[in-house]
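Colleague: Chains as they are written, first to last, in the numbering used here: chain A, 1 to 259; chain B, 260 to 427.
Calculated from the structure, these hints are not laboratory results.
Here the structure is a predicted model, which means the values were calculated and not measured.
Incorrect hints may appear among the rest.
[Unchecked claim] Below, a sample of chain A positions facing chain B; criterion: calculated Cβ distance under 10 Å: (1) GLY21; (2) GLU22; (3) ARG23; (4) TRP30; (5) ARG46; (6) ALA54; (7) TYR55; (8) ASP56; (9) VAL58; (10) ARG66; (11) TYR130; (12) GLU133; (13) VAL134; (14) ASP181; (15) GLY183; (16) ASN258.
[Stated by the list, open to error] To spell it out: a stretch of chain B is covered by chain A in this simulated footprint if at least three of its residues, at any positions, have a beta carbon under 8 Å from a beta carbon of chain A; those stretches are: (17) 262 to 275; (18) 284 to 294; (19) 317 to 329.
All C-beta atoms in this analysis are idealised placements derived from N, C-alpha and C, irrespective of residue type, glycine included.
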Amino acid sequence: MSEVPITESDLQAYADGRLSGERLVAVETWLASRPDETERIADYRRLSEELRAAYDPVLEEAVPERLAHVSGSRQRWKTAAAVAAGWIALGIAVGVVAGWQLHASRPVAPPLADVGAAMARRAALAHATYSPEVRHPVEVGADQEAHLVAWLSKRLGAPVRAPKLEDIGYNLVGGRLLPGDNGPVAHFMYERNQGTRVTLYVRTEATQNRETAFRYATEGNVRVFYWVDRKLGYALSSGDISRDDLFKVANAVYRQLNP
Amino acid sequence: MTEAQRMVDLIPRLRRYARALVGDRATADDLVQDTLERAWAKLHLYRRGTDLRAWLFTVMHNVHVNRVRATRPTDMLEEEMPELAQRAPQGDALLVRDLDRAIARLPAEQRAVLLLVTLEEMSYEEVARTLGVPIGTVMSRLSRAREKLRLMMLGQSAAAKLKLVKNE
Numbered sequence: 001m002s003e004v005p006i007t008e009s010d011l012q013a014y015a016d017g018r019l020s021g022e023r024l025v026a027v028e029t030w031l032a033s034r035p036d037e038t039e040r041i042a043d044y045r046r047l048s049e050e051l052r053a054a055y056d057p058v059l060e061e062a063v064p065e066r067l068a069h070v071s072g073s074r075q076r077w078k079t080a081a082a083v084a085a086g087w088i089a090l091g092i093a094v095g096v097v098a099g100w101q102l103h104a105s106r107p108v109a110p111p112l113a114d115v116g117a118a119m120a121r122r123a124a125l126a127h128a129t130y131s132p133e134v135r136h137p138v139e140v141g142a143d144q145e146a147h148l149v150a151w152l153s154k155r156l157g158a159p160v161r162a163p164k165l166e167d168i169g170y171n172l173v174g175g176r177l178l179p180g181d182n183g184p185v186a187h188f189m190y191e192r193n194q195g196t197r198v199t200l201y202v203r204t205e206a207t208q209n210r211e212t213a214f215r216y217a218t219e220g221n222v223r224v225f226y227w228v229d230r231k232l233g234y235a236l237s238s239g240d241i242s243r244d245d246l247f248k249v250a251n252a253v254y255r256q257l258n259p
Numbered sequence: 260m261t262e263a264q265r266m267v268d269l270i271p272r273l274r275r276y277a278r279a280l281v282g283d284r285a286t287a288d289d290l291v292q293d294t295l296e297r298a299w300a301k302l303h304l305y306r307r308g309t310d311l312r313a314w315l316f317t318v319m320h321n322v323h324v325n326r327v328r329a330t331r332p333t334d335m336l337e338e339e340m341p342e343l344a345q346r347a348p349q350g351d352a353l354l355v356r357d358l359d360r361a362i363a364r365l366p367a368e369q370r371a372v373l374l375l376v377t378l379e380e381m382s383y384e385e386v387a388r389t390l391g392v393p394i395g396t397v398m399s400r401l402s403r404a405r406e407k408l409r410l411m412m413l414g415q416s417a418a419a420k421l422k423l424v425k426n427e
């Protein structure tokens, strides 16, 4: 029986279990009369198994916080321009609303025709209205969080959660119900020790199961990151903290809501 | 699912590869962190719908090469001078006991190919694309990496056998 020429690449592919059909048969035939080569290839396979056994456990390790938080929060490109470029890039890469891409280079809020931008505007207005309140910032306080969440979930007709942001220094003040374009809106307020407040505006989406990337808008001096995740649209607003810091909070919120 | 979310999902795999590539945990996680930061900054260069995993590993490869170049300028010469690289530590070759250290002694280029094939189970074409080299180079690096590793791992038992033969 005449033998097909076997190359070293064939042997490597054989060691990796990536041959099939005629080629596989040819290599097996070739190896059958060569015990040294057979042993060598068997060693390669053993090494592969040992490699996987040695390093696969890394897959099961908990991802360190510093890595889980990288997305944007530990940026080394410090200038505002670079940060903006990164966001615009993300907008382009992930952009769901085609029109947004056309306006991606504009540092201001996209036109009102964009329903997401309309949400961002409403969220910014709600933030501007309620966050300066000293005596009545919320309707239901954080001391009744379970009741607050159950009540808002019931009114929105969707399970709503108040993300826990203590890890990044924000404590829940409480929440309230607001009127919105698609029906009732849940509005949560968070506060840092020095009185810095952020608010999270949560509404039900008319078009369900849509997802968008984070987008950024400004309304007056209120900064807003907003996104849609399936049934709910979110807008996180602040007038006090930088875009970078607000982005960190937005990331934390997103992670809390998508564990 | 957004690219950001998919990127987060790939972190464990980046960590596994990095750990095997550089050895210790802290250095490996530094590499992953630099990779994620760079990927985040360069996300506009990623073409949607293409393989995000391959793209991320390409970013990691580039980050790694730059780090190595910055810290150990001679490392890049290893492949061109395999004899020299191998001959120097010959005395302690017999002392290489675990896989970790054996892998660390492979030239960086060969190590990358071996790990992408073995751990990530990338196709040879994917490895070629990820590292930006022709597929023939992938195959020859893979072959050389395996043979070196095999000899290093066999070193211990071969030496033991040799002693037995001598004593007879």
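Colleague: For each hint given before, does the structure comply? Return the numbers of the non-compliant ones in rising order.
Modeller: Hints 1, 2, 3, 4, 11, 12, 13, 14, 15, 19 are the ones this structure does not satisfy, whereas the remaining hints hold.
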